[in-house]
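A.B. asks: Now for the letters of each chain:
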Amino acid sequence: DAGVIQSPRHEVTEMGQEVTLRCKPISGHNSLFWYRQTMMRGLELLIYFNNNVPIDDSGMPEDRFSAKMPNASFSTLKIQPSEPRDSAVYFCASNFLSGSGEQFFGPGTRLTVL
Amino acid sequence: AQSVTQLGSHVSVSEGALVLLRCNYSSSVPPYLFWYVQYPNQGLQLLLKYTSAATLVKGINGFEAEFKKSETSFHLTKPSAHMSDAAEYFCAVTAYGGSQGNLIFGKGTKLSVKP
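Those protein sequences? They're chains A and B, same order as listed. Converting from the first sequence to my numbering requires adding 1 to each position, the first position being numbered 1. Converting from the second sequence to my numbering requires adding 1462 to each position, the first position being numbered 1.
For reference, chain A alone in the conformation it holds in the complex (with noise of 0.2 Å):
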């Protein structure tokens, strides 16, 4: 069974550039989760999906930040323009809603912006 699923595993770009992240959550699941880790602030949640609904999104840093979930099985993070202090590992995570609140992780998305 394949995990969550998130592309590109790293992306370098210079600042100013859109920066767009994917996710495919697990099959079945009902709920995805944006993480940002940096060694600053550990691990932060930036917003979060039910059903592909957002349900808080109070976790994201300004206006430069977007994300969508289309469908059950895809969502993205966006980042428009981008900042050198955007540099972060971007994680996200799915469960289901109704399950034990375990989270299951993607391998992350290593963002530099220069």
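Don't read these hints as lab results, they were simulated from the structure. Here a beta-carbon is modelled for each residue, glycine too, at the ideal position from N, C-alpha and C. Errors might be hidden in some of the hints.
Straight-line Cα separation of at most 27 Å, DSS-like style, residue types lysine-lysine; simulated pairs [what the hints assert, rightly or not]: (1) B:K1520 - B:K1569; (2) B:K1511 - B:K1569; (3) B:K1511 - A:K25; (4) B:K1569 - A:K79.
Simulated coverage check for chain B against chain A, where a stretch passes if three residues somewhere in it have a Cβ under 8 Å from a Cβ of chain A [unchecked claim]: (5) 1504 to 1511; (6) 1567 to 1573.
DEER-style ranges, computed between Cβ atoms [to be verified]: (7) A:T113 - B:E1533: 40 to 48 Å; (8) B:E1477 - A:Q81: 47 to 55 Å; (9) A:P85 - B:A1479: 38 to 46 Å.
Put chain B on the given structure of chain A with help from the hints.
C.D. replies: Showing chain B alone in chain A's frame:
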């Protein structure tokens, strides 16, 4: 609001020694608690979880944790460290209690194992 505190950002043990990683939580509702492990350049992998059943929870790779409500603790232990246990460990609590919502993570504890 729920929160998690992990004492010690870095713990070093000798191979074969006891591993003890500390986690204290704050929760206004009965919590679900988790320990995750992260190896370099990888995502987080679940070690074990407490979901209001048995207070002593056994996980993968010989790890276990005990839920102590009176101490608001969920410390992770392993009787004998192995070199392959070197990784970063995260304690987490569900944001709203029970199984709903996102996880609130501690800052993590990096475990080093000396030969």
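A.B. asks: Mind listing which of the numbered hints don't hold for this structure, in increasing order?
C.D. replies: none
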